[in-house]
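Protein sequence lines correspond, in order, to chains A and B.
Numbering-wise (UniProt numbering), the first sequence opens with residue 1 and increments by one.
Numbering-wise (UniProt numbering), the second sequence opens with residue 1 and increments by one.
It is worth saying that the hints were derived from the structure and are not from the lab.
Check the hints yourself; a few may be wrong.
To be verified - Listed below are the simulated BS3-like cross-link pairs for lysine-lysine, each with C-alpha atoms no more than 25 Å apart in a straight line:
1) Lys39(B) - Lys2(B)
2) Lys2(B) - Lys39(A)
3) Lys39(B) - Lys39(A)
Predicted, not measured: the structure shown is a model, and the values here were computed from it.
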Amino acid sequence: MQRDITVRVDGVARRLTVDTRTTLLDALRERLGVTSPKKGCDHGQCGACTVLSGARRVLSCLTLAVSQDGAEVVTAAGLAAGAAAGDGPPGAAGDGPPGADGGLHPVQRAFVDCDALQCGFCTPGQVVSAVGALDEFARGWPSAVTEGPGTPRLDRAEVAERMSGNLCRCGAYANIVTAVRQAAGASPAARAVTSRPGGPRETDTEVAG
Amino acid sequence: MKPFDYLSPVDAAAAVRSVAGNPGAVFLGGGTNLVDHLKLGVVAPELVVGLAGVLPAEVEELDELDGGGLRIGAGVSNSELAADRRVRERFPVLSQALLSGASGQLRNMATVGGNPLQRTRCAYFQDVTTPCNKREPGSGCSAIGGWTRHHAVLGASEHCIAVHPSDMAVAMAALDARVRVLGPAGERTVPFVGLHRLPGGAPERDTVLEHGELITAIDLPAAPIARRSAYRKVRDRASYAFALVSVAAALDVEDGVIVDARVAFGGVAHAPWRAYRAEEALRGAPASERSYRDAADAELAGARPAEGLDGGNAFKIPLLRRTLAATLRGLAGEGSR
Numbered sequence: 001m002q003r004d005i006t007v008r009v010d011g012v013a014r015r016l017t018v019d020t021r022t023t024l025l026d027a028l029r030e031r032l033g034v035t036s037p038k039k040g041c042d043h044g045q046c047g048a049c050t051v052l053s054g055a056r057r058v059l060s061c062l063t064l065a066v067s068q069d070g071a072e073v074v075t076a077a078g079l080a081a082g083a084a085a086g087d088g089p090p091g092a093a094g095d096g097p098p099g100a101d102g103g104l105h106p107v108q109r110a111f112v113d114c115d116a117l118q119c120g121f122c123t124p125g126q127v128v129s130a131v132g133a134l135d136e137f138a139r140g141w142p143s144a145v146t147e148g149p150g151t152p153r154l155d156r157a158e159v160a161e162r163m164s165g166n167l168c169r170c171g172a173y174a175n176i177v178t179a180v181r182q183a184a185g186a187s188p189a190a191r192a193v194t195s196r197p198g199g200p201r202e203t204d205t206e207v208a209g
Numbered sequence: 001m002k003p004f005d006y007l008s009p010v011d012a013a014a015a016v017r018s019v020a021g022n023p024g025a026v027f028l029g030g031g032t033n034l035v036d037h038l039k040l041g042v043v044a045p046e047l048v049v050g051l052a053g054v055l056p057a058e059v060e061e062l063d064e065l066d067g068g069g070l071r072i073g074a075g076v077s078n079s080e081l082a083a084d085r086r087v088r089e090r091f092p093v094l095s096q097a098l099l100s101g102a103s104g105q106l107r108n109m110a111t112v113g114g115n116p117l118q119r120t121r122c123a124y125f126q127d128v129t130t131p132c133n134k135r136e137p138g139s140g141c142s143a144i145g146g147w148t149r150h151h152a153v154l155g156a157s158e159h160c161i162a163v164h165p166s167d168m169a170v171a172m173a174a175l176d177a178r179v180r181v182l183g184p185a186g187e188r189t190v191p192f193v194g195l196h197r198l199p200g201g202a203p204e205r206d207t208v209l210e211h212g213e214l215i216t217a218i219d220l221p222a223a224p225i226a227r228r229s230a231y232r233k234v235r236d237r238a239s240y241a242f243a244l245v246s247v248a249a250a251l252d253v254e255d256g257v258i259v260d261a262r263v264a265f266g267g268v269a270h271a272p273w274r275a276y277r278a279e280e281a282l283r284g285a286p287a288s289e290r291s292y293r294d295a296a297d298a299e300l301a302g303a304r305p306a307e308g309l310d311g312g313n314a315f316k317i318p319l320l321r322r323t324l325a326a327t328l329r330g331l332a333g334e335g336s337r
């Protein structure tokens, strides 16, 4: 059965007709050509499909596209300033114009600096998950390893626990943990998911059902 | 996946009418379990009724109940509830249980109403090529005599040895939570400890809810004892795995004597297991290692491990005994007065 939905993806409104069985992941990859979220296990166990929806990190493989009508979705590709239509989407670094680093988000910059990419298949999910996790951290949300009622410190144990939903078969966790901690300290923008002033330019794309 | 229709109802009453009126209809909360089951072919509904925007989801708007209790809307996410300052202060066992479950992404999706209704992760239940009495009543149980590491040692039957996977539910059971339910005939309240069924001869029914009944909120009654409470989970890896065994406990100790206790177990039964016999043994006993072991023995006297291809799951009994003792030791140490 078909449904018409509108989803803002990386700052661009996209209209499409989907079968009710379509996941957000398949809608992004197969219908909209947004291939940065990866299909790993397709059962919510690996985190490679992680995107931000409504500024929260979620698994697009366990999300029905019909349930995302009207949602604001950000993928790893949309985190960089200037990624979409020359104007950054929510989640973009936002401080200053795209520069020598191509306007990379601080988390993306840190992944490059720390050699946290390895084969790269899980990387977009890791990057989006890190952006979401740093936002949760900035809100003071605890994790299972947070001691006591106070504000958690972003030590290696905290990062590992908060990133545990993203599995890397290259075993590159050491550099990923370092990258996430660097991003947290590098720039307050790394923690801002939705605070970019001024909205992105609207582009309405019709996709045939 | 079989085709299905999808509805976004305007409110909870409309959602209930849509599901109650169609035997092939299901509610969709966070979807973390249902969408997986759609893909696996474990369920094949003809109508999916989405609950986003229908149930109270704002954690800031948790209603205060008399004396420090909380009413939690069923649409609140696991992560928002775990982070709520009131929950962390008044019911730390609940916050810890929520944070020990799944991953950050899944906790953002999962809802308070959906979490208790997630289904067993028994590998045979999820594998539609194998017989399973929970999935297909009367087809047999593949787990009995199979791989039993993750299966029950308490309350199982000859028809099913699956365990309930939720961590949150174990804490809710220990806290005497109450489930508010909206059905075609109106509202009712179910004690959390009575929500889940033991398998008996009908393992296909996980709970006492009827088709079309919707969890709208969970009430946490005031419980001063819960300020000194903890959740301890033992699993095969450090994070993001289901419990082999888990313990939710709250303890009130005065002058070295246990005045009162709340204890529930996870990972060992078809339902979150409220350990009333252990609580009874603890009340009035000295806060000592011996008391903790005696309490575990009182509860586990009726435990029956499953044999299996992997050597069975008898290891869960001493593991649970030690986990209970460690949890209570921690609470007594923190809170001795």
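Results of checking the hints against the structure:
Restraint check for Lys39(B) and Lys2(B): satisfied, since their Cα atoms lie roughly 9 Å apart, inside the 25 Å limit. Of the pairs offered as hints, the one joining Lys2(B) and Lys39(A) holds, with about 21 Å between alpha carbons and a cut-off of 25 Å not exceeded. Restraint check: the Cα-Cα separation between Lys39(B) and Lys39(A) comes to about 14 Å, which is no more than 25 Å; the hinted pair holds.
This entry satisfies every hint, going by the numbered hints stated previously.
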